[in-house]
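Spelled out from the first residue to the last, the chains are:
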Amino acid sequence: MSVALAPKPQETAMADHHARLTGVTRVFGPRNGTGVHALGPVDLDLRRGEFFSVVGPSGCGKSTLLDVLAGLAKPTAGTAEFEGQPVDGVPAGVGVVFQEDASFPWLSVRDNVAFGLRRSGVDAAEIARRVDYAVGFMGLKAFENAFPAQLSGGMRQRVCIARTLVMQPRLILLDEPFGALDQQTRLLMGDELLRLWRETNATVLLITHALDEAAMLSDRVGVMSARPGLFIDVLDTGWPRDRDSRIVSHPRFGELTAHLWEKLRAESLKHMRGS
Amino acid sequence: MAASHPALNPATWIRLAVIAGAVAALEIACRMGWVPMTIVIPPSAMVGSLVELLLSGTYGRDIAVSFSNVALSAALAVVLGFAIGVILHALPPVRGAVEPLLASYYAVPTFMFYPVFIILFGVGSGAIIAIAVLLAIVAMITATLNGLDRIPPVLTKTARMFRMHPAERALKISLPAAMPYLFTGVKLSVAYAFIGVIASEFILSGAGIGYAIAYAYNNFNNRTMYGLMLLIVLAVTLINSALDVVDRRLQSRLRR
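Read top to bottom, the protein sequences are chains A and B.
Position 95 of the first sequence, counted from 1, bears residue number 95 in the working numbering, the numbering being contiguous throughout.
Position 188 of the second sequence, counted from 1, bears residue number 1188 in the working numbering, the numbering being contiguous throughout.
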């Protein structure tokens, strides 16, 4: 199958704002100027249904940005909004996948995936249907009754994604979910993420330090500066919605990655030199 | 998962062989007269004595008293120790002040306080349970603190993502996440409760297996004394093996 690489139709222009950060800053520690200014002020406007990645050097506040949007952290200044409502605690309809293994070791894969649904009052038949779907979708069918300790890191991360997926979130936030996985597994997980994104029509925000991952997966990539993190560039990739990891052989993939690196190189140097 | 079932493990066979060898050696030593019967009776005679005393029912009440005291002490130590652990975990300044005391707690020979407990509770189960609980509770407090410390922060974040209330989070996330560590506390509490109860019965009781052993000893009744000792050894082994099965199950899920 050849991948059509025509730029996306103009649908993005009319897409509405799904989630938004306005002037968000986050300072850790005392606010009298001696605290660590980790982030911002940043503005971010996620369009409904887009795949947006954030890349930046270590410690630039990428994860903090996600925490603020997820309602897991309060901004020091500025506002976070989801579907027009101010974010206060994790909003309904938002799902988060963390970098660390967050599977519940005391539950089987199936019970892990069903965890959120079982406490949300969904009836048993519907739970079974959605869990079957998510387990099948993430390739976990053969491991349904296994416990996380019996699975590899990649498999456990699939469990976490499936557990988020069954809740049918409209906004999926991923905080370096493949950071702990090897390169091949990461590419394949990237494919699954794209498939998931297409099927669910969810908006996706992916935090990553892997430029190739950002270039391959995203509609738009936000490049952040060294601390305090600010957006220094937002890049439109122009990939079609129907894409997979094979686009890495397309010339534009190389161009995009090179462009991202050019933007990031100076910032990464700053981080390395500890300024 | 553990590589194989423990029963199939060569180490298990070797361990059983060592025990069997030691028992056989003692049997031979006693039968040959190398060890006088006034000191140790042969293991086969211990078994015979145990069977007799169980069948005769003479010690039924002592056995019931000891085991119910152990059960009650262990249960109290687990419940109170868990509660105190949770409270200390929630109050870091208090914990910081108390933790060094907990760490050196087992340097204090708790049994020396027995006169105090006799004054407080009189001779009998009350004083025995007090000593046993005092002996067992700190193991449970320490295990609870350790378990709560080891809950991965990402699980707490996950609970927030699922928008769980604190009570629900405690029950559905914190408790199962800490369970393998809590269970270590349960195991230790049971062991300490046994030690506390049986040892206390020697000094401050008129009933119980410990009392019965002391009574048999004072009357030169070696046969009964060893039969009762065997009873305790077997009971402790059985209970500990059962707890171990649960423990191994919990630990195998923990390995990440």
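Honestly, the hints are just simulated from the structure, not real lab data.
Remember, it's a predicted structure, so these values are computed and weren't measured experimentally.
Check the hints yourself; a few may be wrong.
[To be verified] DEER-style ranges, computed between Cβ atoms:
1. A:E144 - B:V1098: 39 to 47 Å
2. A:Q85 - B:P1100: 26 to 34 Å
3. A:D191 - B:A1017: 48 to 56 Å
[Unchecked claim] DSBU-like cross-link-like pairs, simulated, lysine-lysine; straight-line CA separation at most 30 Å:
4. B:K1157 - B:K1172
5. B:K1172 - A:K141
6. B:K1172 - A:K74
7. A:K74 - A:K263
8. B:K1187 - B:K1172
9. A:K141 - B:K1157
10. B:K1187 - A:K74
11. A:K270 - A:K74
All C-beta atoms in this analysis are idealised placements derived from N, C-alpha and C, irrespective of residue type, glycine included.
Here is what the structure says about each hint:
The hinted window of 39 to 47 Å between E144 of chain A and V1098 of chain B holds, with their beta carbons roughly 45 Å apart. Hint check: Q85 of chain A to P1100 of chain B, Cβ distance near 49 Å, so the stated range 26 to 34 Å is violated. D191 of chain A and A1017 of chain B have their C-beta atoms about 55 Å apart, which keeps the hinted 48 to 56 Å range intact. Note on K1157 of chain B and K1172 of chain B: the hinted pairing holds, with a Cα-Cα distance of about 13 Å set against a maximum of 30 Å.
Among the hinted pairs, K1172 of chain B with K141 of chain A is consistent with the structure: their alpha-carbon atoms are about 25 Å apart, no more than 30 Å. Between K1172 of chain B and K74 of chain A the alpha-carbon distance is near 25 Å, which keeps this suggested pair within the 30 Å criterion. Taken as a hint, the K74 of chain A and K263 of chain A pair is honoured in the structure, with Cα atoms around 29 Å apart against an allowance of 30 Å. The hinted pair formed by K1187 of chain B and K1172 of chain B meets the criterion: a straight-line CA distance of about 22 Å does not exceed 30 Å.
A C-alpha spacing of about 27 Å is found between K141 of chain A and K1157 of chain B, which places the hinted pair at or below 30 Å, so the restraint holds. Restraint check for K1187 of chain B and K74 of chain A: not satisfied, since their Cα atoms lie roughly 42 Å apart, outside the 30 Å limit. Simply put, K270 of chain A and K74 of chain A have alpha-carbon atoms about 27 Å apart, close enough for the 30 Å limit, and the pair holds.
The earlier numbered hints that this structure contradicts are 2 and 10.
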